[in-house]
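Counting with this note's numbering, you get residues 545 to 682 for the letters of the sequence shown.
I should point out that these hints are in silico values taken from the structure, not numbers from a laboratory. All C-beta atoms, glycine included, are put in the ideal place defined by N, C-alpha and C. Mixed in with the good hints, there may be bad ones.
[What the hints assert, rightly or not] If you anchor each label on the Cβ, the simulated ranges turn out as follows:
(1) 594 / 639: 26 to 36 Å
(2) 547 / 610: 32 to 42 Å
(3) 643 / 549: 20 to 30 Å
(4) 609 / 653: 27 to 37 Å
(5) 578 / 639: 26 to 36 Å
(6) 608 / 653: 25 to 35 Å
(7) 547 / 601: 26 to 36 Å
(8) 630 / 594: 33 to 43 Å
(9) 547 / 597: 34 to 44 Å
(10) 562 / 632: 15 to 25 Å
(11) 604 / 547: 29 to 39 Å
(12) 550 / 661: 20 to 30 Å
(13) 666 / 615: 15 to 25 Å
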Amino acid sequence: MSKSVEAAVLAANRAFYAAFRRRDIRAMAALWSIKGPIACIHPGWPPLTDRDQVMEAWRQILANPDSPDVQVRGDEALLLSPTVAMVILVEVIAGHGLSATNVLVLEDGEWRLCHHQASPLAAPAEDGGPAPERGRLH
């Protein structure tokens with residue numbers, strides 16, 4: 545992967561987490577693919593594959609004043625094809641580590657998410673936080 549493609553993919557991924565931290569549903573919606581299928585699997589949630597369902601889930605998460613902040617560790621971009629990339633990373637939410645995968649597609653010259661999945665890690669997060677409990681974390 546060229547450095548410029550890697551930088552663009554990571555910038556789109558970081559914009560996703562910035563929208564998450566700011567609880568900005570408009571920014572979040574703009575970061576997801578409009579032309580192709582999308583999917584989202586939040587910890588403890590069933591898979592969502594309809595755009596309206598995915599965006600409604602994000603509305604609920606971002607509108608919840610008790611939703612904790614999310615931090616990202618070790619984001620690594622992988623180019624799967626000239627128009628599809630994947631970012632793997634660890635999310636840390638309230639001290640709980642989640643292994644996350646974000647898949648992005650190149651759409652109208654912009655990298656946009658088409659898939660997000662986060663699953664609890666069995667081990668504590670790097671900061672020494674407790675291992676995740678079962679149930680919805682975000």
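Comparing the hints with the structure gives:
A beta carbon spacing of about 32 Å between residue 594 and residue 639 agrees with the range 26 to 36 Å that was offered as a hint. Separated by about 40 Å at the C-beta atoms, residue 547 and residue 610 satisfy the suggested range of 32 to 42 Å. Here the CB-CB span from residue 643 to residue 549 is close to 24 Å, well matched to the stated 20 to 30 Å. The hint said 27 to 37 Å for the Cβ distance between residue 609 and residue 653, and at roughly 36 Å that hint holds.
At about 35 Å, the CB distance of residue 578 to residue 639 agrees with the hint of 26 to 36 Å. Residue 608 and residue 653 have their C-beta atoms about 33 Å apart, which keeps the hinted 25 to 35 Å range intact. In this structure the supplied range 26 to 36 Å holds for residue 547 paired with residue 601, their Cβ-Cβ distance being about 34 Å. The given range of 33 to 43 Å is broken by residue 630 and residue 594, whose C-beta atoms sit roughly 22 Å from each other.
The hinted window of 34 to 44 Å between residue 547 and residue 597 holds, with their beta carbons roughly 36 Å apart. Restraint check, residue 562 to residue 632: a C-beta distance of roughly 19 Å satisfies the suggested window 15 to 25 Å. Taken as a hint, the range 29 to 39 Å holds for the pair residue 604 and residue 547, whose Cβ atoms sit roughly 37 Å apart. In this structure the hint that residue 550 and residue 661 lie 20 to 30 Å apart at CB holds, the actual value being about 21 Å.
For residue 666 and residue 615, the Cβ-Cβ distance of about 19 Å falls inside the hinted range of 15 to 25 Å, so the restraint holds.
Hint 8 from the earlier list is the only one contradicted by this structure; the remaining hints agree with it.
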